[in-house]
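There are 2 protein chains.
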Amino acid sequence: MLVQKYADMLNAKSVIREMAAFAAERGKEIGYENVFDYSLGNPSVPVPEKLREVMAKMVLEMDSVDVFGYSPTLGIPSVREKLAANMRKRFGVPYEGKHIFMTSGAAGALAHAFRCVAKEGDEILTFAPYFSEYGPYIDPIGAKLQVVPADTEKFQINFEAFEGMMNENVAAILINSPNNPSGSVYSKETIQRLADYLRQKEKEYGHEIYIITDEPYREILYGGVELPFIPAYYDNTLLCYSYSKSLSLPGGRIGYVAIGPACRDAELFINMCGQISRGIGHNCPTSLMQLAVAEVGDLTSDMAVYEKNMNLLYDELTALGFTCVKPGGTFYIFPKALEEDAKIFCEKAKKYDLILVPGDGFGCPGFFRMAYCIETEKVERSLGALRRFVETEYPNQNLK
Amino acid sequence: MLVQKYADMLNAKSVIREMAAFAAERGKEIGYENVFDYSLGNPSVPVPEKLREVMAKMVLEMDSVDVFGYSPTLGIPSVREKLAANMRKRFGVPYEGKHIFMTSGAAGALAHAFRCVAKEGDEILTFAPYFSEYGPYIDPIGAKLQVVPADTEKFQINFEAFEGMMNENVAAILINSPNNPSGSVYSKETIQRLADYLRQKEKEYGHEIYIITDEPYREILYGGVELPFIPAYYDNTLLCYSYSKSLSLPGGRIGYVAIGPACRDAELFINMCGQISRGIGHNCPTSLMQLAVAEVGDLTSDMAVYEKNMNLLYDELTALGFTCVKPGGTFYIFPKALEEDAKIFCEKAKKYDLILVPGDGFGCPGFFRMAYCIETEKVERSLGALRRFVETEYPNQNLK
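Quick mapping for you: the protein sequence lines, in order, are chains A and B. If you read the first sequence in the numbering used here, its first letter stands for residue 2, the second for the next number, and so on. If you read the second sequence in the numbering used here, its first letter stands for residue 2, the second for the next number, and so on.
Because the hints were derived from the structure by calculation, they are not lab data. Each hint should be verified, as a subset may be incorrect.
Stated by the list, open to error - Derived list of chain A stretches under chain B, where covered just means 3 residues or more per stretch with a C-beta under 8 angstroms from a C-beta of chain B:
1. 2-15
2. 48-57
3. 87-94
4. 109-123
5. 143-157
6. 263-272
7. 277-290
Said to hold, decoys possible - Simulated coverage check for chain A against chain B, where a stretch passes if three residues somewhere in it have a Cβ under 8 angstroms from a Cβ of chain B:
8. 133-140
9. 250-257
What the hints assert, rightly or not - Examples of chain A residues lying across from chain B (beta carbon under 7 angstroms, computed):
10. Asn43
11. Val60
12. Leu61
13. Ser65
14. His208
15. Glu209
Everything numeric in this text was worked out from a predicted model, so none of it was measured. Glycine is no exception: its CB is placed at the ideal position from the N, C-alpha and C atoms.
Generate the whole structure from the sequences, applying the supplied hints.
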């Protein structure tokens, strides 16, 4: 018989996917260019030309076994060395190749990181608003995802709520900065306070508490905002990275887990990842993608379009009287809805061909997400629809 | 704290990897070209030139989002349609796109197939000799892998032992033909008998019993041997395929699960795979690899070298008096060792720079595996070493 729990999961529909499906359907009626689809976080800017060139050259010229053959389970040694050298130079943390485990994207990285530190009965704490897939990612391990309510003022960390929820069963703290869906970047002060608090709790409980930091948006930062490098603040950090956003390469399925070099048993953790792989069918990411991202180094896609879109939206939302934390990065913005139930708010927006996602699934009801990884021209055209929506549906709104 | 079970797995060393490591070390002393390394099943023939061309063209010319963007979780729709059409035409089973789930290789395919049909407490039966990774693949699900002792005469199925082990807790039968490590191909008669027996047991137990067929060696067949297409014999079949061997593309991490179109809830199974993916960090295989394998259709690498190597080895092994089933495919041969303990036999062979793998790990003690996916020239040179090894260590052996 089929295993019922996976069949049952199909009934719990994803709001994001429902919104995207609605946008696609509506697009068939009025032309997709006329649907202001802010539902999906798919990078819209192309990969850098140099990445295409590097990859094509490898495909055509490299020895077949080197580029199409098996990668070792932990990743191709030269790739791991290159990435470690890059991180040493860039962040000043003494990574070596042995601290890097190559994965198929951030999802693959998180699947290994969670299994390294959390088992049945453990808790993993994360902070709202949070990426809604964390639940299904953690569920099969038998650990429990606990969500700390949001700091809705600044989308930093609600320390009061956090400290109230902290307990001995917490194996790891899962953070995501720059954050999906809020676009916020945790400040140096936030990270320092988190690190100090966790070190104190580690002593108190007599066991490690790991930070798992999910950083696919690391390279998408706006207006000189600085992103504190977590492993420089806290030794027991498992950094999960993906090239999906920085190189517009989500279909390449390439990322890594980097374990803090000063973490106890650091190298053992990486070898454990190789064992975890056997049980989840991961094995290793594509050899070609490993070689290609190592070759292009710090290169990224042209992110300027995301910042331009963000500024257009932020200015208009503010002018329309929305309460909204200005994003420090990512390609998301997360304003407060104009009525208590963001689901109703987003439902009404559909009439104006505005496809928004309510914050409930991100653990933050009353807010909504706009993923502005779309053409700037479309963002510009959407502003009129946004204004009409607010003026018509919320006539008492205090427009600025 | 780290999760101890994965740390403990590191102590259970893989004999294959130990042998390969020994070969690499010995290669540093005498030159790797002088080590007759039959340890690893890594394809040695290059990918077809056409695959390189197709891939390079996609990398350079396709729209960035189409070739580097996210694939839907179930796979790229056009790819699924193309593969289904190909299977309809080739095998006469009415697959449609909705019956195909794209995966990162056979390991990814098996990870999904097992989770579709087996849960904690269930049994999965397989037949010795079997691929030694099946144990770690199944272990995290909580199901139990039960190994039916080998039919050491012909490496077909030992039905007497199988029927004795069959019981109501068996959720699936896992088969691998052409077989690693024996190289044997299950005959039409074997498959027909298996299918008939399982249908009878399904009625008796009142629940489905699935066949999970692991077929990475499907395209490597010798001397006109015919491979029965399992889903044509048995509806409740989950076929797990990988392009690792047929296109020499193990580093591409690309394969699929195909569910029998006549299986009850066939489409539901495929949708369940999408849910399973979320919990194991799979998501989807690389978009580029999906598109490339669909484009090249039935193309394979040049497999002639494997058959040539097999014949060289088979003739010499037979002449040296080994008991040996002639392989019908793969790039493995699995002769009987010349003493009871194959581990001791393989240890002695090292002195002659012959790297062989004892059959114990494959559930078949007393035999040994040779993976002859190496240059023919090296196979030819190894025959002298093989003869010296036998003449010196087993002087009473009845040479032909």
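So, against the hints stated earlier in the document, which numbers end up violated here? The structure conflicts with hints 3, 5, although it agrees with all the remaining ones.
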